[in-house]
Amino acid sequence: MLDKNGIAKRIAQEIEPGWYVNLGIGIPTLVANYIPEGMEVEFQSENGILGMGPFPLEGDEDADLINAGKQTITAMPGAVYFDSATSFAMIRGQHVQLTVLGAMEVAQNGDIANWKIPGKMVKGMGGAMDLVASAENIIVAMMHTNRAGESKILPACSLPLTGVGCVKRVVTNLAVLDIRGGAFHLAERAPGVTVEEIIAATAGELIIPNFVPEMRIN
Amino acid sequence: MAISKAVNGSSDACDGVKSGMTLMLGGFGLCGIPECSIGELVRLRVNDLTCISNNAGVDDFGLGLLLQQRQICKMISSYVGENDEFERQMLSGELEVDLIPQGSLAERCRAGGAGIPAFYTPAGYGTEVAEGKEVRDFDGKPHILESALTSDFAFVKAWKGDTAGNLIYKATARNFNPMMAMAGKITVAEVEELVPEGTLNPNEIHTPGIFVQRIFQGEGYEKRIEQRTVRSRETPSNA
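From first to last, the protein sequence lines stand for chains A and B.
Oh and the first sequence: position 72 is 72 in the numbering used here, straight run, nothing missing.
Oh and the second sequence: position 216 is 434 in the numbering used here, straight run, nothing missing.
The shape of chain A in the complex, shown without the other chains (with noise of 0.2 Å):
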């Protein structure tokens, strides 16, 4: 089974030189830590900024300078700022070849939840819903179940939706799972974990091909 950061690494191994790559808050935030060295990637932040750097040493932060989780941070050589209109231009005009974001649910026909729980606060959808309806790669970075056990892999979302028929890959603790054809398509287990343990795991129609290779993780 992975933690957060082996879930991290696993994404980190999808990205190819030379993409313009937005993360999301959470789990999505640690894949910039495993992009190899030297392979050239650009983080873009959707709150103006492309070529995001790590987070600045003790006594360098900028109140200026911040990511879309209003965390400080610092800028590679050679990045841009930009407003808010272009930097979603970006992203609606799939400038953008990659989007990792998290996720309360996934359903087998790509929908995803992630802003709102009824009769919680809800605090908004932020760039969420600019980021799945457009994006022509987005990866959804999630733990397989809920606290109490229960799948978040499902047949169909039961929170109030951030888009539809969106997500093509889901990387959980667990497993790397496809969506096509409305069906999760089990495409590798995470190390040490069963095919039987994941079939427990998930309650949305679940393709198993006869073999399920293990995830190679650094």
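To be clear, the hints were calculated from the coordinates, so they are not data collected in a lab.
Please note that the accuracy of each hint is not assured.
[As the list claims (entries may be wrong)] Straight-line distance between alpha carbons at most 30 Å, and here's what the computed BS3-like set of lysine-lysine pairs gives: (1) K116(A) to K351(B); (2) K236(B) to K123(A); (3) K120(A) to K4(A); (4) K168(A) to K116(A); (5) K168(A) to K351(B).
For this one, chain A is given, so just place chain B on it according to the hints.
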């Protein structure tokens, strides 16, 4: 030469703001917010305000200061966490909240300033955001119709500005400020450094002064950091 837009300070800049008005306020979280204008709105005690802003500040800073005095009756935002007083007013029904996808909010402001009454976007299709909105397919993909936003006043914050109203923003403090500057009937720009017309390099201006009606040099900027995240200088980190 353009007419000078310079005013003495936030008091003159906010002249004419009245209860019941719709205001736009730039910023993302607490980054790039018009601190001095917000301070003046607090002093003016105008109320029943509709505020269009990506976020609603924190309890004791930014728009949270207006919420404390119950000056806001409606917020139009994309994300409003991090504020207990906001949550209390929203749950009690004192405060109306319209949540909008962030990219749609930015584009609705831009459209308002650019004379485009509405536009189609895929964001929010199939969600509750789309309820009551026209849906139309383009290239086989469904989109929803979103309308432009304008405001009685827009309050923006820039790094440098000149007396003609030309503005330069710093780093990610730019965010919503340029679109809101375009969409305000009266746009008030506060800057950290106000210089004479002709001093700024025309190649480097982000907001042309035509969008700005009043400009002043702010004082005593706190520039509070919402999430201070750092790497230690002692131990190398890959964070």
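Verification of the hints:
1. Under the criterion of a C-alpha separation no larger than 30 Å, the hint pairing K116(A) with K351(B) is consistent with the structure, at around 20 Å.
2. Proximity of K236(B) to K123(A) is assessed by CA-CA distance (about 28 Å); at most 30 Å being required, the pair is judged to hold.
3. At roughly 25 Å between alpha-carbon atoms, K120(A) and K4(A) fall within 30 Å of each other, so this suggested pair holds.
4. The hinted pair formed by K168(A) and K116(A) meets the criterion: a straight-line CA distance of about 22 Å does not exceed 30 Å.
5. At roughly 27 Å between alpha-carbon atoms, K168(A) and K351(B) fall within 30 Å of each other, so this suggested pair holds.
Hint compliance for this structure: every hint is met.
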